[in-house]
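**Q** Listed below are the residues making up each chain.
There are 2 protein chains.
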Amino acid sequence: MKIIIIGATGTLGAAVASSLEKEHEVIRASRKGNVQVDLSNPASIQAMYQSVQGIDAVISAAGEAKFGSIDSLTNEDFNLGLKSKLMRQINLVRYGRKHLKKGGVITLTTGILAHNPNPQVPMLTMINLGLEGFVESSAQDMPNHMRLNAVCPPMASETAEKMGWGPGGVPATEIAKYYVQSVESNVNGALIGPTHSD
Amino acid sequence: MKIIIIGATGTLGAAVASSLEKEHEVIRASRKGNVQVDLSNPASIQAMYQSVQGIDAVISAAGEAKFGSIDSLTNEDFNLGLKSKLMRQINLVRYGRKHLKKGGVITLTTGILAHNPNPQVPMLTMINLGLEGFVESSAQDMPNHMRLNAVCPPMASETAEKMGWGPGGVPATEIAKYYVQSVESNVNGALIGPTHSD
Numbered sequence: 001m002k003i004i005i006i007g008a009t010g011t012l013g014a015a016v017a018s019s020l021e022k023e024h025e026v027i028r029a030s031r032k033g034n035v036q037v038d039l040s041n042p043a044s045i046q047a048m049y050q051s052v053q054g055i056d057a058v059i060s061a062a063g064e065a066k067f068g069s070i071d072s073l074t075n076e077d078f079n080l081g082l083k084s085k086l087m088r089q090i091n092l093v094r095y096g097r098k099h100l101k102k103g104g105v106i107t108l109t110t111g112i113l114a115h116n117p118n119p120q121v122p123m124l125t126m127i128n129l130g131l132e133g134f135v136e137s138s139a140q141d142m143p144n145h146m147r148l149n150a151v152c153p154p155m156a157s158e159t160a161e162k163m164g165w166g167p168g169g170v171p172a173t174e175i176a177k178y179y180v181q182s183v184e185s186n187v188n189g190a191l192i193g194p195t196h197s198d
Numbered sequence: 199m200k201i202i203i204i205g206a207t208g209t210l211g212a213a214v215a216s217s218l219e220k221e222h223e224v225i226r227a228s229r230k231g232n233v234q235v236d237l238s239n240p241a242s243i244q245a246m247y248q249s250v251q252g253i254d255a256v257i258s259a260a261g262e263a264k265f266g267s268i269d270s271l272t273n274e275d276f277n278l279g280l281k282s283k284l285m286r287q288i289n290l291v292r293y294g295r296k297h298l299k300k301g302g303v304i305t306l307t308t309g310i311l312a313h314n315p316n317p318q319v320p321m322l323t324m325i326n327l328g329l330e331g332f333v334e335s336s337a338q339d340m341p342n343h344m345r346l347n348a349v350c351p352p353m354a355s356e357t358a359e360k361m362g363w364g365p366g367g368v369p370a371t372e373i374a375k376y377y378v379q380s381v382e383s384n385v386n387g388a389l390i391g392p393t394h395s396d
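In order, the protein sequences belong to chains A and B. Per the working numbering, the first sequence starts with residue 1, numbered consecutively. Per the working numbering, the second sequence starts with residue 199, numbered consecutively.
Some hints here could point you the wrong way.
[Stated by the list, open to error] With a Cα cut of at most 27 angstroms, we get these calculated DSSO-like pairs of lysine-lysine:
| id | chain 1 | residue 1 | chain 2 | residue 2 |
| --- | --- | --- | --- | --- |
| 1 | B | LYS281 | B | LYS230 |
| 2 | B | LYS264 | A | LYS83 |
| 3 | B | LYS281 | A | LYS83 |
| 4 | A | LYS66 | B | LYS281 |
Calculated directly from the structure, the hints in this document are not laboratory data.
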């Protein structure tokens, strides 16, 4: 399969790319590189899809949203979270569904905080749950036998260590298996991860 | 109690106001009227809270988001949905939590489509689920013994009739009982409606 990975420079995206390139052709799309995309610009997403023919799968492991309690978040923080983690991934679906090959699959990334409402992260819970609702709805409407899933990953142990949160989390190579499952299985509309039974 | 209702000119908001004013002081806030608020402007929300002292409860029955399948929704539709139904209600909480009286309660409105993913309404499912996540997180962090709930209303039969969707739905006066429950009970972080057991 020919697979585009967005966010392959991140901890999780890099592990997903490594796992998949054993068996598939993996293309790492980023702001700079052979295949370029600026996710903040819908036209750039469309251009990326037009520049690569015969795409079987797209994986998004990108998107930022700020941690922090409700009083610590500014208008800008909310705008960035909605534009970045939420709308950028939705736009990958909106345009990708017109370009992928028959039976292609798009996999987005939500996060385990969707199911662990916590006063320290109201925006992450909001965005991740919202994305899951989008996936569950839109998966029913994919053209050309395409599929749409979301991985709901736990905290990567590499990230926990980098952020100084001490030991904990799951190694990124283990989390990558959820993405491989989305790509290589035939599930559609699935929320894949340790908190889901899919 | 002194209760501000946003969206009291709508079908649902009007029924909620009628139900509550039997026992409480109800203030209808809108763009034009005695108590004015332009929900699209955070500064206007702050000004509303400052203009009314001693608020015990705020109810939001406002916010638009467009129906329609993923291909029918434009960038503008997504922006409007996120700004209107999602961020305007979140801003009512962000600023309200600094102004309500001790033990005050804020009640937002999501919608039954949060739990009925449907390819005709991906944005409504996304926004409603996101709002529920926000409420479940932020309710744990309300100051001064305040509470935060969301009503997840079914379709009002008045709306179904107006939209030409034929008979069906639940009378707005029946749905209003969920809002009364949020205000008069002591629940916090609850998602109240026919699809929730809260």
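**Q** Each hint should be assessed against the structure and marked as holding or not.
**A** Status of the hints after comparison with the structure:
1. This hinted pair checks out: B/LYS281 and B/LYS230 have alpha carbons roughly 20 angstroms apart, not beyond 27 angstroms.
2. Restraint check for B/LYS264 and A/LYS83: satisfied, since their Cα atoms lie roughly 18 angstroms apart, inside the 27 angstroms limit.
3. Restraint check for B/LYS281 and A/LYS83: satisfied, since their Cα atoms lie roughly 11 angstroms apart, inside the 27 angstroms limit.
4. Between A/LYS66 and B/LYS281 the CA atoms are separated by roughly 18 angstroms; this keeps the pair inside 27 angstroms, and the hint holds.
Checked against the numbered hints above, the structure violates none of them.
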